[in-house]
Structures are given as structure tokens and as C-alpha cells.
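Asks: Read in the numbering used here, the sequence shown has 1182 at position 7, and its numbers run on one by one without any break.
Take these hints with a grain of salt, some might be off.
What the hints assert, rightly or not - Derived DSS-like pairs: lysine-lysine, alpha-carbon spacing no greater than 27 Å straight-line: (1) Lys1233 <-> Lys1182; (2) Lys1446 <-> Lys1430; (3) Lys1316 <-> Lys1403; (4) Lys1345 <-> Lys1406; (5) Lys1446 <-> Lys1182; (6) Lys1393 <-> Lys1312; (7) Lys1182 <-> Lys1286; (8) Lys1456 <-> Lys1183; (9) Lys1204 <-> Lys1278; (10) Lys1345 <-> Lys1403; (11) Lys1286 <-> Lys1204; (12) Lys1405 <-> Lys1312; (13) Lys1182 <-> Lys1403; (14) Lys1260 <-> Lys1393; (15) Lys1196 <-> Lys1393; (16) Lys1183 <-> Lys1446; (17) Lys1315 <-> Lys1204; (18) Lys1430 <-> Lys1204; (19) Lys1182 <-> Lys1196; (20) Lys1233 <-> Lys1196; (21) Lys1393 <-> Lys1408; (22) Lys1233 <-> Lys1183; (23) Lys1260 <-> Lys1312.
Hints in this document: simulated from the structure, not taken from any laboratory.
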Amino acid sequence: MSVIDQKKLQALQLLAAQIRKREIEIIYKARAGHTGGSLSSTDMLTALYFHVMNIDPKQPNMPDRDRFIMSKGHSVESLYCVLAKAGFFEDAWLETFSCYQSKLAGHPTRKVPGVEMNTGALGHGLPAGVGMAIAAKMDKKDYYTFVMMGDGEQGEGSIYEAAMAGSHYKLDNLVAIIDRNHLQISGNTEDVMSLEPMRERWEAFGWNVYEIDGNDMKAILETYEDIKQKKGKPHLIISHTIKGKGVSYMENVAKWHHGVPTDEEYAIAMKELDQAIETIKNA
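Working from the sequences, and respecting the hints, build out all of it.
Replies: Here you go:
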């Protein structure tokens, strides 16, 4: 990568680290939240909102914007913190997350600037994303639709109906992302419902499939550069991530799918996340 690219890469890594810290802050204050999956998806969301997508926080409904659907709506903390950081709404809103009469409920709602779809019931995001991508083709628009799904969500049959449709209509303006952290609320995904061979399954549906480290910002950026050159098929990113990424005692632990740190755990998390921020700044 060039010198300019290295600066951009470092800036995105720093943003992701700062956003992770904010996620823990709002979950701790609200005493509620889906911690692990929010932390695992932060790098991907940071890349999308601060580098990849054509968006304007001052015009959240501009017709030619790229669309993003958080199909795994329980990981809304990462989405809200990214939207606030990008300027879709004031950071002060985050202080009310999941509180009575808050604008920021525990799952995404279209009442929030920048949110395209109410989600939370799993399996709905990709079918809606297919519809948005078809609409773009019909209207001869160039915008992309991005859909982030959980790996546990892959047990929903509606996902595969949408996968067939995406391929049938050659929706090369559709990018689906699976946050493949291997854990869901019930435990290991493969114990709940076997999802492998994931790559071969989606390739058989006719999708252009990438398999990357979803916590590696460089790999994420390179993948999106390649996607924009590929035509004729919808795209899937199998984003291998660490559930609870960035907080040592949360990483790869299923109970942190939904969990609130104690005072002591919160202090440890803040220390580790602050250290990560300083490490990136001093790199």
C-alpha cells in the first residue's frame, strides 16, 4: 500500500478502536447490550462507513446513497456508535441507549438517522437487501446495498431463498457479509446447526465469495477494492472474526453474546481498549 493508504489504514484502525471503547461505555451505562457480536463487527462497519460507502450524514436519505442493513440487529451497539461517529446524530444520544423513551432502542429502528430497516428478527435483512438491489437495477442507479448477517442467523431458511434470488437476478450491486465469529447465544454455531461448508454452499448458489480476517482492516479494504471490479454476480464476504474482539476476557466466550461487565470488568475493558488506542496512535 502507498504512504497515503497507510495513513488511511491507521486512521481507520484508530476509529475502530475508539468505537469499540464507546460500545462498552454505552452497554455498561445501559446495563444491557449484545456485547460480543458488536465488538466482532466493528472493523467491518468502520471500513464501510468511513471508507467504502457513498453516504452523507447531512443527507441520510439522499436517493443515490449506498444502503447498509444490519440484519443481525442485536449487534446494534456497533451500528449506533459508528453512526454517531460519522455524524448521523449527536454522540449525546448514545448516553440514552436502551433507556426508557430513548431514540436508540435495543434493536435498529428507522426512526434513527442512517438506519435503513428495522431489524432484530433474524433472516429478514438479506431478502430486503435483494429487493433494494433489484430496485437499483430497475431505476438504473449505481448504489450498492450491503447486508451484515450473523453466522448463527444462517440457520434461517429465508437467507437461502434470498441467496437464490440474488444470483438469479445477477445482483452485482449486492454485498452480503457474514460475521463468522463461530458463536451464538446458545454456544458454538456448529453445535447448534452445522453451517459448513459455508464457502462452497454460497458458491453453489452462484455468488462471488471472499473469505477474510474480518478484524484485519487492510484485508477488508483490499476486498472491497476487488469487489468493485467484479461484475455479474452478488458478493459474499465470510468475515472471520473474534467474538468480543478487543477485550481479553470477552474474546471467544459465548456468554458475552449478551452481557454487561461488572465494575471491575469494565475497568479492565477500559484499560485494554485505551492501550489499544495508544498503540495505534504511536505506531
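Asks: Take the hints in turn and mark each one as holding or not.
Replies: Hint-by-hint comparison with the structure:
1. Lys1233 <-> Lys1182: holds, 26 Å
2. Lys1446 <-> Lys1430: The given pair, whose Cα atoms are some 21 Å apart, holds under the 27 Å limit.
3. Lys1316 <-> Lys1403: holds, 15 Å
4. Lys1345 <-> Lys1406: Cα-Cα ~8 Å, so holds.
5. Lys1446 <-> Lys1182: holds, 25 Å
6. Lys1393 <-> Lys1312: Violated: Lys1393 and Lys1312 sit about 30 Å apart, past 27 Å.
7. Lys1182 <-> Lys1286: violated, 35 Å
8. Lys1456 <-> Lys1183: holds, 13 Å
9. Lys1204 <-> Lys1278: Roughly 16 Å between the alpha carbons, so the hint for Lys1204 and Lys1278 holds.
10. Lys1345 <-> Lys1403: holds, 14 Å
11. Lys1286 <-> Lys1204: The hint holds at about 22 Å.
12. Lys1405 <-> Lys1312: Status holds; Cα separation ~16 Å.
13. Lys1182 <-> Lys1403: Cα-Cα ~22 Å, so holds.
14. Lys1260 <-> Lys1393: At roughly 21 Å apart (the allowed maximum being 27 Å), Lys1393 and Lys1260 satisfy the hint.
15. Lys1196 <-> Lys1393: holds, 21 Å
16. Lys1183 <-> Lys1446: Given that 27 Å is the threshold and the Cα spacing comes to 25 Å, the pair holds.
17. Lys1315 <-> Lys1204: Given that 27 Å is the threshold and the Cα spacing comes to 45 Å, the pair is violated.
18. Lys1430 <-> Lys1204: Answer holds: Lys1430 to Lys1204 is near 19 Å, not above 27 Å.
19. Lys1182 <-> Lys1196: holds, 21 Å
20. Lys1233 <-> Lys1196: Distance of about 25 Å is within 27 Å: holds.
21. Lys1393 <-> Lys1408: Holds, at roughly 24 Å.
22. Lys1233 <-> Lys1183: holds, 23 Å
23. Lys1260 <-> Lys1312: Not satisfied, since the Cα-Cα distance of roughly 31 Å exceeds 27 Å.
Consistency with the previously given hints fails for numbers 6, 7, 17 and 23, ordered from lowest to highest.
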